[in-house]
Amino acid sequence: MTDWPRIRSVGLSGLLITFAERMSEPANCAALAFRAAVEEQGWPEVTETSTSLVSTFVQFEVSQDAIATMTDRLRDLLQTRDWFAEALPAGRTLWHVPTVYGTDLAPQLEEAAEAAGLDPDAAIAELSQSRVRVLTIGFAPGQPYMGELAPHWDIPRQQGLTKSVPPGSLVMAIRQLIIFTNASPTGWRHIGQTAFRTFRPGSEMPFPLSPGDELIFPSITRQEFDRISDDPTGGAEREALT
Amino acid sequence: MSAALTILQAGPAMTIQDLGRPGYRALGLTHGGAADPTALHEGAALLGQDPNCAALEMAGSGGSFEADQDIRIALTGAQMQVSIDGEPIAWNASHLLPAGAKLTIGGARDGAYGYLHVGGGFDVKPVMESRSSHLAAGIGALLQSGEVLPLGADKGGETNLTLPRDSRFGAERVRIVASMQTDAFDDATRARFTETTFRRDARANRMGARMDHDGEGFATGGQLTIVSEVITPGDIQITGDGAPFVLMCECQTTGGYPRIGTVIPCDLPIVAQAQPGAALQFAFIDLDEALAAETRHRADLAALPKRRQLLLRDPARIRDLLAYQLISGVVSATADPFEEDKT
Chain A
1 MTDWPRIRSV
11 GLSGLLITFA
21 ERMSEPANCA
31 ALAFRAAVEE
41 QGWPEVTETS
51 TSLVSTFVQF
61 EVSQDAIATM
71 TDRLRDLLQT
81 RDWFAEALPA
91 GRTLWHVPTV
101 YGTDLAPQLE
111 EAAEAAGLDP
121 DAAIAELSQS
131 RVRVLTIGFA
141 PGQPYMGELA
151 PHWDIPRQQG
161 LTKSVPPGSL
171 VMAIRQLIIF
181 TNASPTGWRH
191 IGQTAFRTFR
201 PGSEMPFPLS
211 PGDELIFPSI
221 TRQEFDRISD
231 DPTGGAEREA
241 LT
Chain B
1 MSAALTILQA
11 GPAMTIQDLG
21 RPGYRALGLT
31 HGGAADPTAL
41 HEGAALLGQD
51 PNCAALEMAG
61 SGGSFEADQD
71 IRIALTGAQM
81 QVSIDGEPIA
91 WNASHLLPAG
101 AKLTIGGARD
111 GAYGYLHVGG
121 GFDVKPVMES
131 RSSHLAAGIG
141 ALLQSGEVLP
151 LGADKGGETN
161 LTLPRDSRFG
171 AERVRIVASM
181 QTDAFDDATR
191 ARFTETTFRR
201 DARANRMGAR
211 MDHDGEGFAT
221 GGQLTIVSEV
231 ITPGDIQITG
241 DGAPFVLMCE
251 CQTTGGYPRI
261 GTVIPCDLPI
271 VAQAQPGAAL
281 QFAFIDLDEA
291 LAAETRHRAD
301 LAALPKRRQL
311 LLRDPARIRD
321 LLAYQLISGV
331 VSATADPFEE
341 DKT
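So the sequences go chain by chain: A and B. Residues 1 to 242 in the numbering used here are what the first sequence spells out, letter by letter. Residues 1 to 343 in the numbering used here are what the second sequence spells out, letter by letter.
It is worth saying that the hints were derived from the structure and are not from the lab. Each hint should be verified, as a subset may be incorrect.
Distance ranges between label pairs, derived from CB positions [stated by the list, open to error]:
no., chain 1, residue 1, chain 2, residue 2, range
1, A, D3, B, Q281, 31 to 37 Å
2, B, T295, A, D82, 38 to 44 Å
3, B, P150, A, D3, 53 to 59 Å
4, A, S219, B, P150, 43 to 49 Å
5, A, G42, B, G106, 49 to 55 Å
6, A, T47, B, R165, 39 to 45 Å
7, A, G160, B, R203, 46 to 52 Å
8, A, D230, B, D288, 54 to 60 Å
9, A, P107, B, R298, 49 to 55 Å
10, B, G106, A, P26, 56 to 62 Å
Sample of chain A residues at the chain B side, in silico, Cβ under 8 Å [stated by the list, open to error]:
no., residue
11, V10
12, L16
13, R22
14, P26
15, E48
16, S63
17, Q143
Heads up, the beta-carbon is just placed ideally off N, CA and C, and yes, glycines get one too.
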C-alpha cells in the first residue's frame, strides 16, 4: 500500500486524495472519514468537499502557492492516523425503506436471484435484511450507490440496457444497490421498487441521503406499496446512528 | 406592479439560467447555470445589473415574446435574427421593448446559445438559491408557448448600448490543463490528441459535447479499470469508443471514463458556443499560464461596463423617425446649469 493514498491535482479546481486503485470497503470508509476531517479543519480556502467511491475531493481557489500549501496540509493530516481503520463520521442516519421485491413492479428479481444461486424467496429474505451503506452519491442528484452486499451478489451488469426504470427503482449489480432518482436506462437489474424520492427539490430536505448513511430495505406487499406510493418519503423511517 | 413577459411562441430548447447552483457536488448535483456564463456577464453589463440575474437561454433558436409594460432587454451570446414589430434590431445590445410590441428571435448564426436578458432579471421561484433550470436533475423545465414569466424590479437605466463582439465565437483553439488522469494516457496519445483537429458532433447539449475526428481513438492502457472519480465541468472524458467528450455545466458529478485533460473555465464558452461541425483544437498549457488566463478573463468581465458604447443607428433606417423624442434632455442655452443644484 506504499503508493496510497495519492494526492493529485484536478485541473484548476482543487486536489483529489485517492485511497486505493479500486473500490473496497476500507478505502471507501477512509475517503468518508478523511472528508469529515478536512471539513473539521475549517480551512477558509476550501470552497467545497466531496467523496467518490475511494477518493476525497477538496476544492479551493487554485494557484501555485495554494496547491503547495494545501498539499502539505493534506499530507500532514493524512499522517495523523490510519484512515483505513478510522471510524465513520458521526451524524449519520439509518434508513428503513419499504420495498416491493419482484412482481411486475420489479421484473428482474428472479433473474438476479438465479445469478446469485438463490431461489427468489431466499433472495428476498436475505435482501430485505441486508444493511448497506451509501458508498457515494452521483450520476443524478441524491442518487445513492450502496454496498457492499455478500460476495454471492457479485453479479455483472447485464449486457443490454433496460430501456427505462422508474424513479425509486432498486437496482443491483457488482455487490451494490442503487435507488434511481429519475427514470433512466440502466444495465443494472431491477429487483425492487420503492416510493422513496432521493431528490426532492423545493422541500426542506432536498437530499435525504448523505454519503455514509446506512439503509435496510424491508419487504412489503403490493397493497402496502400502493398506499405509500404518492408519499415522497416512501414510508421510510429514520434513526440516528451513533 | 412588476412586469411580465409572455412567450408567444417558444423555441425548441429555452430555459431560465443564472450563474448556477454551486455547493451540491457531494450530493450529486453539478452547478449547472448558463452554458455560456460570459454571455450572462455581457447582458448584465449592458443593463447595468448583477450577472446572476436570471436570463432566458435559447439553444439553436429563439421564439417570440411580448411584454405587458415597457421593459429593457439585452441580447447576448450566439447572434440570432431579431426584430421588434418586424424592425430588425442589433444583437449584443440593449433595447427598449415597448409594451405590446412583438419581439421575434430566430435561428443562431455564429454559435449555439443566445440569451435574452431583461431589466431586473426573470423572477421565477428560486430552487436552492438559484433560478437555473437543471433538466438533467429534474429542476425546472423547457419553457413552453403561452407561459408568462414574471420580471424582477428594474432599477432602470440606459438602453441602446452595445458591446464589442467577443472573440469566443468561431474560435478554434481551446486551452486545457492536465488533470488527475492525464498521466494514464501515454505521451504519443497526448501528442496526437493535441495535433488533431476535431469537429463538434451534432450530439451536444448542456451535459456534454462529443468531438469527432478521423483516425483511431484515444484509449488509455487501463481504460476499463478506472474507478469512478469526481468530474468537473470542462473535463474531457474518453468514452468506450475512444471519442473525446467535453463535459459541460450540467454534467454528472462522478464518472468512470478517464479524463485526458480539462478545459480551463474561461475557454469553456468556446466549446459551448461551437456550432455542429465547427473545428476545435485542444492545446495543453501549464498551470501558471492557465491561472494568468483566468485572472485576465475575470478582469475582462469586470471591465465590461466600461466597454459599452452607444448603439449607432442609421436614421434613414428608422421608419418612424418623427415619432422619436429627439430633443429630450437637451440643455437649454438660457438656463443656468447650476440653478438646479441650489434648490
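Hint check:
no. : hint                           : result
1   : D3/A with Q281/B: 31 to 37 Å   : 35 Å, holds
2   : T295/B with D82/A: 38 to 44 Å  : 41 Å, holds
3   : P150/B with D3/A: 53 to 59 Å   : 56 Å, holds
4   : S219/A with P150/B: 43 to 49 Å : 47 Å, holds
5   : G42/A with G106/B: 49 to 55 Å  : 52 Å, holds
6   : T47/A with R165/B: 39 to 45 Å  : 33 Å, violated
7   : G160/A with R203/B: 46 to 52 Å : 21 Å, violated
8   : D230/A with D288/B: 54 to 60 Å : 56 Å, holds
9   : P107/A with R298/B: 49 to 55 Å : 53 Å, holds
10  : G106/B with P26/A: 56 to 62 Å  : 58 Å, holds
11  : V10                            : 5 Å, holds
12  : L16                            : 5 Å, holds
13  : R22                            : 5 Å, holds
14  : P26                            : 14 Å, violated
15  : E48                            : 6 Å, holds
16  : S63                            : 6 Å, holds
17  : Q143                           : 6 Å, holds
The structure does not agree with the numbered hints 6, 7, 14 stated previously, though it agrees with the rest.
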